[in-house]
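K.L.:
If you want the building blocks of each chain, they are given just below.
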Amino acid sequence: SQELEQSPQSLIVQEGKNLTINCTSSKTLYGLYWYKQKYGEGLIFLMMLQKGGEEKSHEKITAKLDEKKQQSSLHITASQPSHAGIYLCGAGSNSGYALNFGKGTSLLVTP
Amino acid sequence: EAQVTQNPRYLITVTGKKLTVTCSQNMNHEYMSWYRQDPGLGLRQIYYSMNVEVTDKGDVPEGYKVSRKEKRNFPLILESPSPNQTSLYFCASSRDGFNQPQHFGDGTRLSIL
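Heads up: the protein sequence lines correspond to chains A and B, in order.
Number 99 in this note's numbering belongs to position 99 of the first sequence; there are no gaps in the numbering.
Number 74 in this note's numbering belongs to position 74 of the second sequence; there are no gaps in the numbering.
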């Protein structure tokens with residue numbers, strides 16, 4: 001199965017600061033997904049990227065997929081306490097049906 | 001409201017006592033999947049189903065069974081639960097599975113003593 005490495009594992013930022021979370025694969029990514037999870041709760045879909053060089057934004061969150069389709073980043077601008085949670089990247093296989101996830105990045109935003 | 005519903009949300013049980021976690025979706029999705037989430041190991045896929053009567057193993061299928069007799073339901077069966085299956089379980093669904101974002105249930109926290 002495809003291994004996805006996320007970095008950093010955890011992050012504490014002050015409210016208003018920007019931050020970036022990375023997701024790296026050793027294989028070409030066929031569909032890269034970003035999810036957010038509140039602690040102990042279900043996953044909420046944020047964005048999906050499929051094409052090399054693709055970039056998508058939603059409110060203050062921007063996700064990018066590099067040209068080689070092996071690395072994605074999630075950038076949060078002017079972080080707020082509501083951004084706190086665990087961010088997970090997931091990727092489909094070339095068959096599309098199996099889905100693998102990174103181990104997640106835990107984000108805490110302090111006042 | 002579009003949703004994936006899991007039951008129960010919490011369960012404490014004992015080793016060897018068969019249990020079933022139900023999952024139902026109301027979006028007419030073809031693809032459904034089960035995951036377990038453990039500290040330090042992340043989210044791992046147990047089984048998935050591409051359509052009715054079509055299922056396949058994920059990364060950690062040992063000790064679990066699934067069935068897909070109708071489109072909306074995808075139960076997870078633990079025939080003889082063991083303590084190493086204590087975990088947080090998630091069911092998910094997507095329209096057709098092929099590189100589509102998945103909708104997740106709220107999770108089932110299982111503790112097996």
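By construction, these hints were calculated from the structure, which means they are not laboratory data.
Hints may be right or wrong, so weigh each one.
[Unchecked claim] Partial list, computed: chain A residues near chain B (C-beta under 8 Å):
1) THR28
2) TYR30
3) GLY31
4) TYR33
5) TYR39
6) GLU41
7) GLY42
8) LEU43
9) GLY92
10) TYR97
11) PHE101
12) GLY102
13) LYS103
14) GLY104
15) LEU108
16) VAL109
Glycine is no exception: its CB is placed at the ideal position from the N, C-alpha and C atoms.
K.L.:
All the hints need checking, so say for each whether the structure fits it.
P.N.:
Verification of the supplied hints:
no.	hint	verdict
1	THR28	violated (13 Å)
2	TYR30	holds (6 Å)
3	GLY31	holds (4 Å)
4	TYR33	holds (6 Å)
5	TYR39	violated (11 Å)
6	GLU41	holds (6 Å)
7	GLY42	holds (4 Å)
8	LEU43	holds (4 Å)
9	GLY92	holds (5 Å)
10	TYR97	holds (5 Å)
11	PHE101	holds (4 Å)
12	GLY102	holds (6 Å)
13	LYS103	holds (4 Å)
14	GLY104	holds (6 Å)
15	LEU108	violated (17 Å)
16	VAL109	violated (22 Å)
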